[in-house]
Each structure stands twice: as structure tokens, then as C-alpha cells.
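A.B. asks: Here are the chains, one letter per residue:
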Amino acid sequence: MAYAKNQASVDEGLKSELAKKGIVLTTINELYNWGRRSSIWPMQFGLACCAIEMIAAACARYDLARFGSELFRPSPRQADLIIIAGTVTKKMAPQVVRLYNQMAEPKYCISMGACAIAGGPFIDGYNVLRGIDRFIPVDINLPGCPPRPEALIYGLMELQKKIDCQEIENTVWYKKGLKREYLVPELGPHGLVPKFNPEIWQPREADHRKERYGEPITLGKKTRAPNLDEEPAATAAPPKAPAGDAVPAPGSNKA
Amino acid sequence: MEKTLQSGDFKEKSFVLRGERDVDTQTLEINVGPQHPSTHGAFRMNILLDGETVVRLKPVMGYLHRNHEQIAENMSYAATMPYTDRLDYFSSMSNNFGYAMCVEKLASIEVPERAEYIRVIMAELTRLVNHVSLIGFLLNDLGAFFTPVVYAFREREKILDIFEEVSGSRMMCNYLRFGGVKTDIGANTLEGIKKIVRAFPAFLEEFETLLTKNEILCMRCQNIGILRPELAVNASITGPMLRASGVNYDLRKVDKYSVYDRFSFKIPLGSRGDVYDRYFVRILEMHESVKILEQALKDIPQGDIINRKMAPFVKAPRNFKPAVGEAYARVEAPKGELGYYIVSDGTAQPWRYHVRAPSLINLTILEDMCLGQKLADAIVILGSVDIVLGEVDH
Amino acid sequence: MLFGMGILRGLGVTLKNFFASYYKKPEEGGLFTVEYPEKRLPVKERFRNFPFLVYDTTPENMRCVACDICAKECPPKCIYIVRDNDEAGRPLKKPAIFDIDFTVCMNCGICEEVCPFDAIYMDHEFEIADANRLDALLYNLPDLLKPNDYFQKIRPNDAAQVDARRLEAEEKKKAAVAAVKTQAAAKDIKPE
Amino acid sequence: MSISIEHVKTFLEKELPGISLKKVRESLLLQNPADLPSAARALKDSSVFKLDFLSSITGADYLDYLEAVYHFYSMQNKTGAVTLRVRVKRGSPNIPTLVPVYRGAEFQEREAYDMYGIVFEGHPDLRRIFMWDGFEGFPLRKDYEQEDSETLEIADVQWLEKRSVQIPAEMKQKAEELHRDGKRAIARQPTDKNTP
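Protein chains in written order, with this note's numbering: chain A, 48 to 302; chain B, 91 to 484; chain C, 28 to 219; chain D, -13 to 182.
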């Protein structure tokens, strides 16, 4: 992802020249961003399987501490970054948005894993919210199910690049009368009320998946229930393989 | 229909709990969760406290209810296999094991020898991963913040490398197929597993010197959250929690499913049924799993890895239409008895698919164990129950 | 035993590990960390992240024939295929649109197992992170197509097996065509 | 080893004279749900079977009736599954609870109630276990209509307007149109021509 370099940066030639002589030349912006990006404290918040990969990233082998984010703060007040790691269900969505609102500015959000981005493999569920970006702004989307710990570190480095390019003058959180309170949805009779926050999220124009399979996907119209009462004819032999299907030599691990 | 209790029904009551006290205290209703460091995920406990003592504890689930059963009923049998990895995301291979056994029972498919041995090896490796990580998180609740987890995850990473080498993914293996396994284990992978299994007792010994005789652990865990054997059996508790209360019931010995009857291993039983027994039963179970692994790795036979009749259905899962019928199969998952109940109606999608989640049912008696304990101990008791929310809420 | 001995021995273990991390090799308990961006852990051969489409020499003759089997078998249904038509409207053996929605894909590898034409395989590349969700993470045909030698580079054993099987199928087809040709030739001679 | 279902049937008929049982595959169907607790207690207290472990309770929807399937095991004898099933009409899905006999039935009955609407009379705390209390409908029933989560409805529009959130015009117009027809935004059926 390319970010607009902040205009206030010094030209590189002069900087490297002075660096040879041991003089560090920098701008207030770079210093400010360097400080913030090197100590992003994520919130100790995990929902499902991606949270285990997040913990594995924080443990000895992948060591998130090398990026300054080893301290997982349980309370949202002291966290800079919320990693939405796992499936956000409709029952959990109000809590997640309230947590995001309680975080202190400047705050960032990584939606880790396919479930947090757009519902992932559970996109059809009646209790699954199709992506957390319906209610809160997401900075980095990290696909994968679950993404490897290295992919989480790569996502964190992407976030650091984004922080590097921010400038103090026109950042969101220093504006007068800032009110970044996002709507906390309520639990209605059939799902969340409202279903999404129109200010932040618009539905896709062409949703191929829904056009082809409908929602939720019901393969095969089930109109007749199985009648378990009458006895099975023979012992239920395994269904015979239809002819004509290419049978790979068993044991050859194709892939 | 009598009025169902809403959560807000409990009014403020003044309580005098034990003996005469000059001060009349009021109870305090607090919610631990769904976002709380000690609830192992999105799980809420509605606790009524008198001072520090728990007076009533109502668990509230459903924050990770991902509609596994609805999705499975709309999909072909083989397509549900990757979803079973996401049930108990610490032990994906034993979830696959249970599901594969249930469909094999439904369509009466035999599994060749080598595939059975590979399944047992993978299931026991997941038991190691699960117990090590669980003890790490239990110690997290006791205040040893993340040190045991870092030790445990170092071992877990080595075993996850094996899973990735064998099945392709660290946590979501999707490795078993009906009638066998997806791919064979190479000779060097087998060597890698042997190396890990040889090194595991040394790690366990180091883990035990770090924890077992630690006075803080002993004081905080002994005689806390005692579970009587009769209540455990009556409340359908299964797995290490049941065996910690002294009831000898382990599906590997009871059902003798797969090839478990060929291995000699013992079943560790606790005596008092408190948190310390649950911790120690899991350590001993890891020793037993290492014993099973050594025997399985020693005499794993050569041969097919999948039933030849089922090979075409790996390539074309939509043609797999078992006859009308029902089947209930259960497997000794690290958390307890993981059961699958499938009713098939002759089409490629099951008519009814139900998962018997051990950690959901083990939570039935959380309140009985926590009544009268301090709040800090209620957190530890929840940690010792070993719940994973993907399976509790399936 | 002295009351505090358990705790002291536990601290001894942590101290032992602390010093071991300096002089021991990673396997025996030394420093276990892999500094990710500089030093990368070799990804196992069977690792599966997101699918990609294989083409042999040029992206035009890709192996995929738009048979839609992988789209039907995909558990979360994240593949969308539309068959290509030539000018006269007759369907071609090529997909016009082949989208995989990476925000729905669950990396399960079932599309790879069921594909009868060895067209779709699981990739090793996991460094995908993007700000906007809609177009960046919906991969369409050009982004998915990768050459066969990339497939050989990341998965040598599997690629070798697949190519051997394809070669053998090639010979059988050629032999069959040759047999039919000789049979036809034999028939021409007989009628005079 | 498993227990033969005929053995259980004869035992129950001898123990509870009025009971009417029918053998369905490997299980026993209790025609009258009311004698489920007594049958369970008889099997539990019997010295022959000692079925002290209720493994799982499963709700199921067979279109013209709802069914609850019970799997019993014995931990003392280490013997196999005894399966009982109870069928109730969709209109009056009432089954007596097993919580007094088996404490482990508490959460599983709540799950069957939450997913299928089977009311277990006498259950100490019959609330929804997974869905929130205000949820309407029973999601795993075959005739459950799932909401379409991309179109706003009139309740959402009013809720948003109360909090002065401006809504794109066509969404508001669609919501009013739905409200006028009195329909709910049901998840749409496939519109693509080559749907498998």
C-alpha cells in the first residue's frame, strides 16, 4: 500500500550526509511518528482462533515485542490498537463497538482474519456480523483463516508505515470538538438494529456470492424429511462410486 | 409457558451470610466478561458477590455462536470437515477424528491400518498441545502472567510445525477424510515426530519443576472448587475434570475406538477433585500420551492411507450420499467426550448435524464449584474447567 | 522441605533458561526467536494460504476450463466463475471472470483436491494486508494467474508429481490418437 | 459393548406397565412424552443397566414434528448407548424436563429450546442459551427466515434518525416500501441464472 509521504520530511541527501558525521537531522513529525509507531500497545482482546495466533505471535518464536507491542493492555483506556481477532457475532458487536469507543485517541484497528473483515467462512450464519467495518473504521485488513503470526507482524508493519506518514497538523484527534463516538448497535428481534452504520459502510454493488447462491446458501431444496421409522433395506453399504470419475492411485499424495 | 427469567430479575437484596455480623452488607452484581482477560475468550459470568464471596454465578454464552450446525446442514459432508477445525481451535485433529468416525459409522466405512495409526498419532499430539496450553492459561489466571504460556507455546510451536508439514496448516488442519487421511506422512516427518516425542518428557520435567511444587500454586489451587464424583457423573462432566474427581471413565479405554486397544497406557485419576487435581491429572495425561505416541510411532504399519472405495469421494465430495440413517459417534477429545450426531436423508447434505461440546456441558456445574469461594478463586476454577469458546458456543 | 523451595526451584528453571538462551542452540532451549522481516522461517511445502491459478507457458493457455467444480465444492462458496464465450456466442473452455474473495476463503484446500484439471493450487504467499476491503482483497483472474515454474519453485515434490501425471496422460492421449489414426488408415486400405 | 434395544424395551414395559414404546432403528420412541422422566429414572436406578450418564440431548426438526433424541450411557458398567426419542407436534412442543434426574441436561435442554423451541416443562432456568433474550424465532428450524443484513428496515431507519444519522435516499425509500407492504427484509433467493 502506498501512503502519501508527509510533506514536512527533510530531503534524504542532506540527512544521509549529516548522518555520516554523526548528526541526526529530523523533523518534529518524524520524531513524533517514530515514538508512536514504535510502541503500539494492542488491547488484550481476542474472540476466536485468530486470537490464538495473536498470542502465538506475542510468544517466544515470533515475538511481537520486537515491534514495541509486547504489552497487551486489558483495559481499552491504555491501548492504542485493537486487533479484532476472530468472528464478530451479532451478540458481541455492541461490546466490540463500545470497546473501540472507549479507546483513547490516537487509536487504530486491525481486523485480523477473514471473519473480522467480512464474515469469513461463517458469513452465512444468522448470528454472524459480516465484518466489523460495518460499525467501526478499520485501518488494516489482514486476510487469512487464521493468518500466520508472521502475517500479523506484516500487518503491524503496514500499520507502522501508515503511522509514519501522518502529520501533526491535520490529524483527526487534535481537531477542536472531536467526537469520534461510533454508533453502538442494539440487539433487535432478528439481528442488530441498525444492521450497519450508513456513514461508514455501504453495501457492495455486485455481490456475486449472493446472486449465485442466495443467502443463506441452501443446497438442494429439502421438502421431505427422512423417515427413520422404516428399517434400512440392507446394511447401509457405503455408497458406490459413480463410474467415470478419475480415480487417482490411492496413497499418491496428489498435493 | 411460565415466565422465563430475564437477566435483570434479581433485585438488590441485603444478605447476612455466615453467622451474626454487626454490619449489614449489600450484594453486588458484577459481570465478568465478555471481554475479560480471564474468560479465555468471549464468555460472561453474571456473579452476585457479597463482599468477596460468590453468592450466585450464572454463565452467559453465545458471544461466539457461529451457527456451525446451520452451516453444516447446508453443505456436503466433506465440506464440513474444515469447519470442525474451528470448533475447539486448540485441537483440530481430534475434532476431525470425531467427525470422520461419525460419518464412517453412518456409511459403515472401514479405515485401513496405517490411517488409524496416523489418526492416533495426530490425536495424541493435539492432546499434548491442548494440555500444555491450558496449563499455561490456568497459570495466567493465577497471576504468573504469561511465563508458563511462553514455555508452553514454545513446545506448541514445535508440534504445530509437524501439523503444518503433514496437513498444510498450523491450526486448521482439515487433514482427515472419510475412510482415512488426506496425505501420507513422509519418513522424515516421522523422524521429526519421534524427535519431538523423545524431547517432550524432558520439557515436562522442566515444566513440573517450574510449577508443581510451587507453594503459591499449591495454596491457590488445593481444596478450591471441589467437585464430588457423584455430582460430576450426574452433570455429564467428561474428560480430565471427571477423572480428577476420581471417576475412571476414558473413552479410549471404554469404547476402545480406532486402534487404542493396541496401546498400553494408564488413566490418571485424581482423589479430591479440586483445581490442583485437575492440573495434575493433565500433566500425567501428557506423560501417558507420550507413551502412546512412542508405541504408535514404533509399530506404524505400511499400507494404504485411505479406504480405496472412498478415494473417488475425495475428488468428488458432492457424490457422497450415504443412505438414510442416523449415527452418534464420540471421541476422547482433550476437553472431554466430543460427540457428533448426524441424521442423513440420502442427499449430499446431512438432515441434522449436532455437536456434543464437552466444554459447554462441563460448565453446568461451574456455579456449584464457585459458590462460597472468593471471586479470585472463581476465576481460577473457570480456568481449570478448560473451555474454548469456539466449542462452547459452536 | 523448606517452605520456599518450590518457588526457588521454579526461579532456578527460569534462570537456567535465561542463561541457556545465550549459548545454547535454538533446539536445545536456546534463543528460539526468528526475527521475522530479516530472518524468515522456511514455510513448509504443504502450507496452504490462498489459491492461485496455474498456467503453463503464457497466461492465455491456462489450465482452468471453467468447469465450476471448485466453485460448487468450496465450503464457504468464495469462488465465482463465468465461462467465456467467443464472438459467435459459443462457450469456450476458458473463464471470463474468475474471482476469489479472500475475505471469505478459509484456506482449506478443497478446491485443490477436487480440481480434475490440476488448475488451482494453494499458494505460500501470506503477506497480504490492505486498507480497503472491497477491491484489494477480491482477487480476479489477472491477480490469480501464476506460471507453472512458480508452482515448481514453491512446491517441488507436488509439482513434480503433477507434471509426471500430466505427462503420462499426454502420452496416453497421443497414443490413443495415434491408434485411432492407424485404425482409420487401415480401414481406408481395406475397402479398395 | 452395547446393550440390545429389545432388552431395554422389555425391561421398560415390565417396569412401567402403561408405557407405549416403538422401536425406531437402534432407539426407542416414547409415544407419550409425559413418561420420559419415569423411564429415565427407571433406567438410571435399575441394577441391570445403571444408565447414570446422559451423554447428549439433541433437538431435531422433521417438518411435521419436532423430536428430541437422548443418548444414555453407563459409567459404572462402561456399557454402550441407549437412545430414547420423543416426538412432539410443532404447535405444542412440550416435553417434561430431565434436570431433576440428570443435572447435565440443564444446558442441553436450554440449547434445544433456543434452537428449536422445544419447551421443557419444569426446567429451573429455561432461557435462550446462545441467542439474546429478545431474539424472536427458532433459528435451526427448517422454516426459519433469516434477515437480509444488507437492506435497512423501518426500525433501523427510525433508530438512525433518532440519532441524527443521515441515510442515503434509496435505502430509506426501500425501507418505507418494505414497511408499507408489511414485509420483512428476508434473505434473498439466488438470482444468478446458472445457480448450481
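Any given hint could turn out to be false.
[Said to hold, decoys possible] As a list, the in silico DSBU-like pairs of lysine-lysine whose alpha-carbon atoms are at most 30 Å apart:
#1 B:Lys356 to D:Lys0
#2 B:Lys388 to C:Lys52
#3 A:Lys62 to A:Lys208
#4 C:Lys71 to B:Lys248
#5 A:Lys209 to A:Lys222
#6 C:Lys200 to C:Lys71
#7 D:Lys64 to D:Lys128
#8 B:Lys285 to C:Lys66
#9 C:Lys66 to A:Lys208
#10 D:Lys128 to B:Lys411
#11 A:Lys269 to D:Lys75
#12 C:Lys200 to B:Lys248
#13 A:Lys223 to A:Lys208
#14 B:Lys405 to C:Lys43
#15 C:Lys173 to A:Lys208
#16 C:Lys52 to B:Lys399
#17 B:Lys343 to B:Lys285
#18 B:Lys285 to C:Lys43
#19 D:Lys30 to D:Lys9
#20 C:Lys66 to B:Lys284
#21 B:Lys411 to B:Lys285
#22 C:Lys173 to B:Lys285
#23 B:Lys195 to B:Lys343
#24 D:Lys169 to B:Lys195
#25 C:Lys66 to C:Lys173
#26 C:Lys199 to C:Lys120
#27 C:Lys66 to A:Lys67
#28 D:Lys75 to D:Lys169
For the record, the hints were derived by calculation from the structure and aren't laboratory data.
Keep in mind the model is a prediction, meaning the values are calculated, not measured.
A.B. asks: All hints, please: hold or fail.
C.D. replies: Hints and how they fare:
no.: 1; hint: B:Lys356 to D:Lys0; in the structure: violated, 40 Å
no.: 2; hint: B:Lys388 to C:Lys52; in the structure: holds, 28 Å
no.: 3; hint: A:Lys62 to A:Lys208; in the structure: holds, 20 Å
no.: 4; hint: C:Lys71 to B:Lys248; in the structure: holds, 13 Å
no.: 5; hint: A:Lys209 to A:Lys222; in the structure: holds, 19 Å
no.: 6; hint: C:Lys200 to C:Lys71; in the structure: violated, 35 Å
no.: 7; hint: D:Lys64 to D:Lys128; in the structure: violated, 37 Å
no.: 8; hint: B:Lys285 to C:Lys66; in the structure: holds, 24 Å
no.: 9; hint: C:Lys66 to A:Lys208; in the structure: holds, 20 Å
no.: 10; hint: D:Lys128 to B:Lys411; in the structure: holds, 20 Å
no.: 11; hint: A:Lys269 to D:Lys75; in the structure: holds, 19 Å
no.: 12; hint: C:Lys200 to B:Lys248; in the structure: violated, 46 Å
no.: 13; hint: A:Lys223 to A:Lys208; in the structure: holds, 26 Å
no.: 14; hint: B:Lys405 to C:Lys43; in the structure: violated, 52 Å
no.: 15; hint: C:Lys173 to A:Lys208; in the structure: holds, 28 Å
no.: 16; hint: C:Lys52 to B:Lys399; in the structure: violated, 48 Å
no.: 17; hint: B:Lys343 to B:Lys285; in the structure: holds, 27 Å
no.: 18; hint: B:Lys285 to C:Lys43; in the structure: holds, 22 Å
no.: 19; hint: D:Lys30 to D:Lys9; in the structure: holds, 20 Å
no.: 20; hint: C:Lys66 to B:Lys284; in the structure: holds, 27 Å
no.: 21; hint: B:Lys411 to B:Lys285; in the structure: violated, 42 Å
no.: 22; hint: C:Lys173 to B:Lys285; in the structure: violated, 37 Å
no.: 23; hint: B:Lys195 to B:Lys343; in the structure: holds, 19 Å
no.: 24; hint: D:Lys169 to B:Lys195; in the structure: violated, 44 Å
no.: 25; hint: C:Lys66 to C:Lys173; in the structure: holds, 26 Å
no.: 26; hint: C:Lys199 to C:Lys120; in the structure: holds, 21 Å
no.: 27; hint: C:Lys66 to A:Lys67; in the structure: holds, 27 Å
no.: 28; hint: D:Lys75 to D:Lys169; in the structure: holds, 27 Å
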